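Visitor: Each chain, letter by letter, is given below.
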Amino acid sequence: MNIDLLVPLFAAAVVSGTPLLYATLGELCTEKTGVLNLGVEGVMLVGCLAAFVTARLTGSPWLAFAAAGLAGGLFASLHGVVCLLFQGNQVVSGLALTLLGTGLANYLGTGLVGQAAPGFAPLPIPGLAGIPVLGPILFAHDPLVYLSYLLPPLFWLFFTKTRPGLHLRAAGEFPGAATAAGLNAVACRWVGVVAGGFFMGLGGAYLSLAYTHLWTNNLTAGRGWIAVALVIFAFWRPGRAAFGAYLFGGIMALQLRLQAAGTTLPSSLLLMLPYVLTVAVLVFSAGRRRTAPAPAALGVNIEPPA
Amino acid sequence: MRIIVLCIMLLVAPTACLSLAAERELKVGFIYVSPVGDAGWSHAHEQARQAIEALDGVSTSYVEAVAEGPDSERVIQTMARKRFDLIFATSFGYMDSMLKVARQFPNTVFMHCSGFKTAANMGNYFGRIYQPRYLSGMVAGAMSKTGVLGYVAAFPIPEVIRGINAFTLGARSVNPQATVRVVWTKTWYDPAKEKEAAKSLLDVGADVIAQHQDSPGPQEAAQERGVYSIGYNTDMSRFAPKAHLTAPVWNWTPYYRQVVEQVQKGTWKPSSDWPGLAEGVVDLAPFGPMVPPAVRERVQAKRAEIVAGRERIFTGPIADQAGTVRIPAGAVAADQELLGMNWFVQGVVGTTE
Amino acid sequence: MLRVVRRPASPGWRGALVVSGSALLALAGSLLLLGVQGVSPLAGLKVLVLGAFGSAWAIEDCLLKAIPLFLCSLGVAVAFRLQIWNIGAEGQFALGAIGATWVALSLPGLPKVVLLPLMITAACLAGGLWGLIPAILRQRLGASEIIVTLMGNYIAILLLEFLVYGVWKDPSGFPMTPAFADAALLGTIGSTSVNWGLVHCLVLGAAVWVLFRFSRFGYELRACGDNVRAARYAGLPYDRLALLVMVLGGALAGWAGCIEASASLGRLQPSIMAGYGYTAIVVAWLARLSPLYIGLSAFLLAALRVGVEHLQLDLQVPAAFGSIIEGLILLTVLAGSFFLTYRLVPARRP
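Chains A, B and C supply the protein sequences, listed in that same order. Here the first sequence is numbered in my numbering, starting from 1 and rising by one per residue. Here the second sequence is numbered in my numbering, starting from 1 and rising by one per residue. Here the third sequence is numbered in my numbering, starting from 1 and rising by one per residue.
The hints are simulated quantities; they were obtained by calculation from the structure and are not laboratory data. A hint or two may mislead.
Between beta-carbon pairs, the in silico distance windows are [unchecked claim]: (1) Thr-267/B with Ala-56/C: 55 to 65 Å; (2) Gly-323/B with Gly-187/C: 28 to 38 Å; (3) Leu-70/A with Ile-189/C: 24 to 34 Å; (4) Ala-223/C with Pro-293/A: 23 to 33 Å; (5) Gly-54/C with Leu-147/A: 49 to 59 Å.
For lysine-lysine, the following BS3-like pairs were computed, each having C-alpha atoms within a straight-line distance of at most 27 Å [said to hold, decoys possible]: (6) Lys-46/C with Lys-82/B; (7) Lys-169/C with Lys-117/B; (8) Lys-27/B with Lys-46/C; (9) Lys-169/C with Lys-100/B; (10) Lys-82/B with Lys-269/B; (11) Lys-100/B with Lys-112/C; (12) Lys-186/B with Lys-169/C; (13) Lys-242/B with Lys-269/B.
Take a look, some chain C residues computed to stay more than 10 Å from chain A by CB distance [unchecked claim]: (14) Gly-15; (15) Ala-16; (16) Ile-325; (17) Ala-335; (18) Thr-341.
None of these values were measured; they are calculated from a predicted model. Glycine included, C-beta positions come from ideal geometry on N, C-alpha and C.
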């Protein structure tokens with residue numbers, strides 16, 4: 001592999017990893033407040049469709065992008081209703097959300113398969129895009145990618161340096177103590193769920209607005225699940241989440257590029273790479289740190305006051 | 001008096017019965033493997049179905065996105081039970097299921113697309129899409145500056161491999177040094193993956209992208225990079241007006257009309273039909289504005305030869321990737337050979353797995 | 001204002017009431033959604049019900065679909081009881097089919113009475129292995145079984161494709177194995193279209209129920225419940241149980257894969273995957289993880305699938321509608337179960 005092939009590969013990794021990044025940060029946001037939302041795939045697809053429909057109706061990709069976030073937040077609030085209001089099991093509720101979300105999006109989007117929508121085109125940043133190697137890898141993409149660069153540092157700032165961020169984390173680590181200290185832990189979790197859903201929706205929107213300008217059933221193709229795994233891989237830290245997203249984006253791009261380069265490996269085996277890597281990553285990250293960095297109350301509902 | 005009335009009734013009755021029989025509509029059912037909205041495979045069948053629906057004495061219905069396997073058997077069975085007279089199943093994976101059901105319903109006519117099994121009441125059919133693929137290969141070969149053509153392909157099954165081979169033969173007839181690089185996506189329609197696959201081919205130097213996929217993802221990739229592309233199934237130029245050179249397209253209407261008429265008249269017999277350009281079941285989409293007249297003329301001339309039966313495309317000597325001659329000089333590959341094709345011709349870079 | 005109060009343990013009938021009520025609510029909601037496609041909800045209901053139950057062959061279709069669902073759900077339910085989230089039934093199903101195919105293709109000359117049990121054994125071993133791996137990773141390394149089993153699903157399907165496009169490819173060149181010999185085919189019961197898998201289900205269901213009620217393993221399972229730490233303090237072998245339930249679940253799903261390959265298809269091809277592993281989760285949850293009710297739950301969800309097919313055929317409703325119903329049912333049952341554990345009382349002013 002020479003530099004001629006590596007630079008496009010890394011550039012493809014960034015593009016391919018961007019929807020993963022949005023979705024992973026969304027799930028990270030939700031999990032930090034102690035709620036496990038396995039419905040990422042469903043929320044992403046709902047956002048994806050919402051973006052596509054809005055873009056076709058209004059002709060404005062930015063409006064569509066925002067609409068996707070809103071749709072994602074709204075849809076994820078179902079998870080909030082079931083788990084935060086009705087004490088439903090978080091794991092099963094998330095699975096139900098995936099079923100419902102993918103079903104709903106595929107159903108409503110049936111008539112739109114095969115249509116195109118106005119979306120984002122690559123917008124190289126003048127000057128920066130000309131830097132050798134780094135230029136094409138980082139600065140020759142569409143605006144949504146540039147936006148996503150800002151998110152990991154913002155998330156880090158929010159969750160470690162701001163009071164609201166610390167409150168949200170408290171709801172995920174010690175909801176009982178947080179409540180005793182006067183915090184409304186359930187409200188914090190609501191914020192986590194809806195805001196998380198917002199970013200998951202944005203991740204889905206990327207697929208129908210920028211990655212392609214098309215819609216089809218199951219456009220997300222399992223990316224939501226990889227996002228859930230990436231949160232674990234990232235040890236619930238935004239910076240590492242970005243690294244993970246680009247790594248996986250790269251793997252997904254690599255398998256196709258290996259074929260294009262003329263490998264004789266069977267394509268089925270190559271396509272296994274992202275999934276095998278996910279398992280490997282879990283195994284190694286779990287093995288190395290004995291103390292779990294997961295929010296202590298993750299997945300555990302807050303009992304209503306007796 | 002009564003005798004006169006009786007005679008009139010005896011004369012009128014048979015004609016009345018005949019017209020009643022003619023008024024009973026032919027129920028035709030279609031089973032699609034993907035949603036009809038895709039600009040692709042199922043969409044092409046659906047367009048033909050709508051044309052058939054407009055015929056006299058015919059009513060149609062369809063089920064889309066039917067998974068191959070046990071589910072399809074149930075769907076076909078249900079259609080047969082609902083007294084459909086003629087059922088079309090438009091994907092290879094429906095073959096065994098259709099055969100099973102055909103045995104249970106001897107009065108229904110079953111037509112299977114892209115398979116090879118028949119029964120007393122079941123026939124199969126396909127289209128020689130490889131003919132326009134050859135022509136599109138000629139266009140691609142003529143328009144490419146690097147001589148590297150990229151092919152985004154779905155599954156390593158004979159029809160796809162055959163298409164790639166025809167495309168390559170066509171490209172090499174215009175540029176003997178042309179190579180075709182293949183990437184398998186293992187999906188029929190996933191625009192994101194298909195577009196990524198196209199980009200990976202563009203990154204290794206391809207400057208024309210062709211596809212055996214149902215979504216216009218690869219077309220988008222080509223347009224974004226400012227290179228050319230060949231569509232598939234239907235005219236995909238609206239997705240990539242600056243890139244789309246042409247596309248091999250399906251037109252099932254004439255064939256479906258023919259089968260429906262045969263069943264209506266009672267003249268249908270089971271057979272393995274494989275119509276092509278001459279019968280109008282496959283064709284080449286209109287050329288994009290960027291294709292120069294010299295190329296158009298050359299391709300049209302070749303098209304005429306195919307229609308006249310003078311050009312058979314898989315005429316030897318044709319060697320595979322390793323150099324072994326698979327079709328000897330002067331021989332023409334038989335249909336059976338083509339239907340089971342699982343090797344690539346020289347000029348193709350890629351695996352068949 | 002209302003206050004939430006915990007209930008004492010509720011009788012079983014209340015559970016059935018809540019589940020049924022919630023499911024019906026979800027069904028009604030979904031049917032209303034049909035209006036978006038311009039289809040009348042009442043017409044949809046009619047087609048759904050008649051399609052699933054309206055004739056003898058409809059019932060047979062439901063039974064046929066219920067067989068693999070039942071076995072997968074059984075496995076999922078056992079694991080879920082220990083709060084081990086086995087989402088890998090789909091992959092375990094695929095491995096089972098692969099195992100059975102390997103035997104069927106390698107030993108075609110054997111008589112049916114030897115071959116079929118061998119196929120089932122291979123399927124159970126393969127499926128069990130696919131359940132064991134995430135269990136071990138979970139135990140030794142704390143790796144989330146949710147992710148590992150899910151990834152296992154994708155890997156298993158790709159493995160199936162790899163085999164079917166490669167070493168096991170049919171000479172015709174199409175992506176499927178050669179047809180199994182007659183001795184490898186699980187036949188149908190009498191003149192119906194239902195295969196002997198139904199009997200397998202009855203036997204296995206009864207066996208698991210007996211296991212639950214009367215064996216030490218079953219006792220320990222029930223005792224562990226949803227509090228792992230308490231279970232460990234009580235001296236229960238939680239770790240060993242965790243491994244066992246995952247292997248059992250994998251083996252059952254593998255058995256289902258063998259039945260589908262042998263009875264429904266007569267060969268192995270990628271289209272054997274029909275999402276049974278995911279629907280099994282809905283089935284198991286609806287049955288409140290009880291082997292006694294899984295049979296009913298599996299039949300009803302199979303009937304739903306059959307009904308949705310008829311909706312497609314008669315009213316051109318898109319196939320995705322089935323997922324909507326399944327997802328809504330699960331959500332409403334989850335929400336409704338709130339009323340099994342809690343009660344709303346008027347808040348007394350201090």
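Visitor: Please name the hints from earlier in the document that this structure breaks, with their numbers sorted from lowest to highest.
Guide: 1, 2, 3, 13, 16, 17, 18
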